[in-house]
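Visitor: Add chain B to chain A, keeping to what the hints say.
Chains A and B, in that order, give the protein sequences. The first sequence runs 1 to 254 under this note's numbering. The second sequence runs 255 to 509 under this note's numbering.
It cannot be assumed that every hint is accurate.
Unchecked claim - Some chain B residues close to chain A (C-beta under 10 angstroms, calculated; not the full set):
(1) 407
(2) 410
(3) 415
(4) 419
(5) 426
(6) 501
It is worth saying that the hints were derived from the structure and are not from the lab. For glycine and all other residues, C-beta sits at the position ideal for the given N, C-alpha and C.
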Amino acid sequence: MTSLGFSLSQARLAFSGQWLFDGLSATFAAGSWTGLLGRSGSGKSSLLRMIADLPIPDTHDLTLTTDDQRPLTGRLAWMAQQDQLLPWRKVIDNVLLGPALRGRPTVAQRQHAMTLLNDVGLSDKAEQWPKTLSGGERQRVALARTLFEEAPVVLMDEPFSAVDAITRLELHELAARLLAGRTVLLVTHDPLEALRLSDRILILGDQPASLSDFDVPGGQRPRALDAPDIQRMQSQLVAHLHSAPHANTNGSVA
Amino acid sequence: MSVFKRLWPALLGIITLLGLWQVLVVVTGVPGYVLPSPLAVMQAFTAHQQLLWHHAGITVIEIVAGLLIGCISGLGTALALARFHGLRRTLLPILLISQAVPLFALAPILMLWLGYGMTAKIVMATLIIYFPVASTCYDGLRQTPQGWLDLAQTLGANRRRRLLRIQLPAALPALASGMRMAASAAPIGAVIGEWVGSSQGLGYLMLDANARMQVDLMFAALMILVTFGVALYFTTDAMMRRLMPWHEDRTGATS
Numbered sequence: 001m002t003s004l005g006f007s008l009s010q011a012r013l014a015f016s017g018q019w020l021f022d023g024l025s026a027t028f029a030a031g032s033w034t035g036l037l038g039r040s041g042s043g044k045s046s047l048l049r050m051i052a053d054l055p056i057p058d059t060h061d062l063t064l065t066t067d068d069q070r071p072l073t074g075r076l077a078w079m080a081q082q083d084q085l086l087p088w089r090k091v092i093d094n095v096l097l098g099p100a101l102r103g104r105p106t107v108a109q110r111q112h113a114m115t116l117l118n119d120v121g122l123s124d125k126a127e128q129w130p131k132t133l134s135g136g137e138r139q140r141v142a143l144a145r146t147l148f149e150e151a152p153v154v155l156m157d158e159p160f161s162a163v164d165a166i167t168r169l170e171l172h173e174l175a176a177r178l179l180a181g182r183t184v185l186l187v188t189h190d191p192l193e194a195l196r197l198s199d200r201i202l203i204l205g206d207q208p209a210s211l212s213d214f215d216v217p218g219g220q221r222p223r224a225l226d227a228p229d230i231q232r233m234q235s236q237l238v239a240h241l242h243s244a245p246h247a248n249t250n251g252s253v254a
Numbered sequence: 255m256s257v258f259k260r261l262w263p264a265l266l267g268i269i270t271l272l273g274l275w276q277v278l279v280v281v282t283g284v285p286g287y288v289l290p291s292p293l294a295v296m297q298a299f300t301a302h303q304q305l306l307w308h309h310a311g312i313t314v315i316e317i318v319a320g321l322l323i324g325c326i327s328g329l330g331t332a333l334a335l336a337r338f339h340g341l342r343r344t345l346l347p348i349l350l351i352s353q354a355v356p357l358f359a360l361a362p363i364l365m366l367w368l369g370y371g372m373t374a375k376i377v378m379a380t381l382i383i384y385f386p387v388a389s390t391c392y393d394g395l396r397q398t399p400q401g402w403l404d405l406a407q408t409l410g411a412n413r414r415r416r417l418l419r420i421q422l423p424a425a426l427p428a429l430a431s432g433m434r435m436a437a438s439a440a441p442i443g444a445v446i447g448e449w450v451g452s453s454q455g456l457g458y459l460m461l462d463a464n465a466r467m468q469v470d471l472m473f474a475a476l477m478i479l480v481t482f483g484v485a486l487y488f489t490t491d492a493m494m495r496r497l498m499p500w501h502e503d504r505t506g507a508t509s
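With the rest of the complex left out, here is chain A (with noise of 0.2 angstroms):
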């Protein structure tokens, strides 16, 4: 697998008849993690929605090119919210959904998707049902299921929002880790996820909204809690989300 940047432009998103941003653009570079925050409604979760090409109810529009020109279908990863584990599959199976989705798993592709559940601690753990899983464990089986699939982009809708906080920077570790070399977007509504785990912070903000950068703390990621700068930095990083204008309060978006 070999990194693959991308970059988009000309994206667009309608809400309730007016622009809740237009021409939008950025630009990912290969193997780097981007955080991305905004307040409620900014439309993040659309925007990366829009990037997977995944139906969203409101009008928008988006230019997407890669570094190789070729299309993004087929080489994203999407890992939401919630992990999505199919309750009738067991876990193994979970994590080859992918294969069994396009045709038939083979055995060798049965013994990588033991290998992946190895790494994230849960080999275990492989011929139960979901349900028997704790949250944190669910997620690190969304994990493993999204590395089997190899794809140099990583989407990311606020994947480790849904477990308790020290579970959270364990799965930190484990995903910045695991996940090293890819191209990660992550769109997270905690400032801390993003300063640890991120090369480039962007924020989508202001009226129409666009994307501001934010300096990240300088060091190797996942950065450490008590790296240097990274309380500071949060806090300024709250204070910033704090005073942008929520997205759709006042006056009409021409």
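Guide: Just chain B now, with coordinates in the frame of chain A:
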């Protein structure tokens, strides 16, 4: 032991009801050709065992055949509707209209077309469950959570695999309630068919016994129908549970 523990309140209720019935008959002195006592029904049952089992066999075949055909074709219709968008506009209105036709009124026509044999009754039982099964299955297939559909799309599933590997298993709980409903409706179809015109079956036996004022025999036939209906319901329920060992929400009749 645990089975008995779970069932005894229900058994107690049934025995109490039968006791009240016996008391009512004894106290009021109502004649046996109007309302036979439970004991009289039991006597009629033992006296006419061979006759009852012969007719019960016919009805059971009609019910089971109708149930199988109705469920399979209902599920098939639901899958076809979910798979082929173009079919919806043509087939859904027809299904709705067909449901407005009173099936009781159809029964004599079915006799006319298919004769007095089993076929007409099987068709009747099939018809009575076909639409409810098709519509509950179709509803279930349409209500797949968006997150799973998103996943299927990003994983590159085609429509057929998405339907069979995601939407169909996700619809199983809805499908199960459709099947349970069908299991309790199928006997109605078969008996209606037998009432309208037949020479065999429990429905026929009941009409015949009624005409001869053998009300105790009629009740005995009714008891067999009820027992079989309950057995069929629980069998379907148990099969659906075996199909879904992963399902958490076990809202069947026995839980």
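Visitor: For each hint, tell me whether it holds in the structure or not.
Guide: Here's how the hints hold up against the structure:
no.: 1; hint: 407; verdict: 6 angstroms, holds
no.: 2; hint: 410; verdict: 5 angstroms, holds
no.: 3; hint: 415; verdict: 5 angstroms, holds
no.: 4; hint: 419; verdict: 6 angstroms, holds
no.: 5; hint: 426; verdict: 7 angstroms, holds
no.: 6; hint: 501; verdict: 7 angstroms, holds
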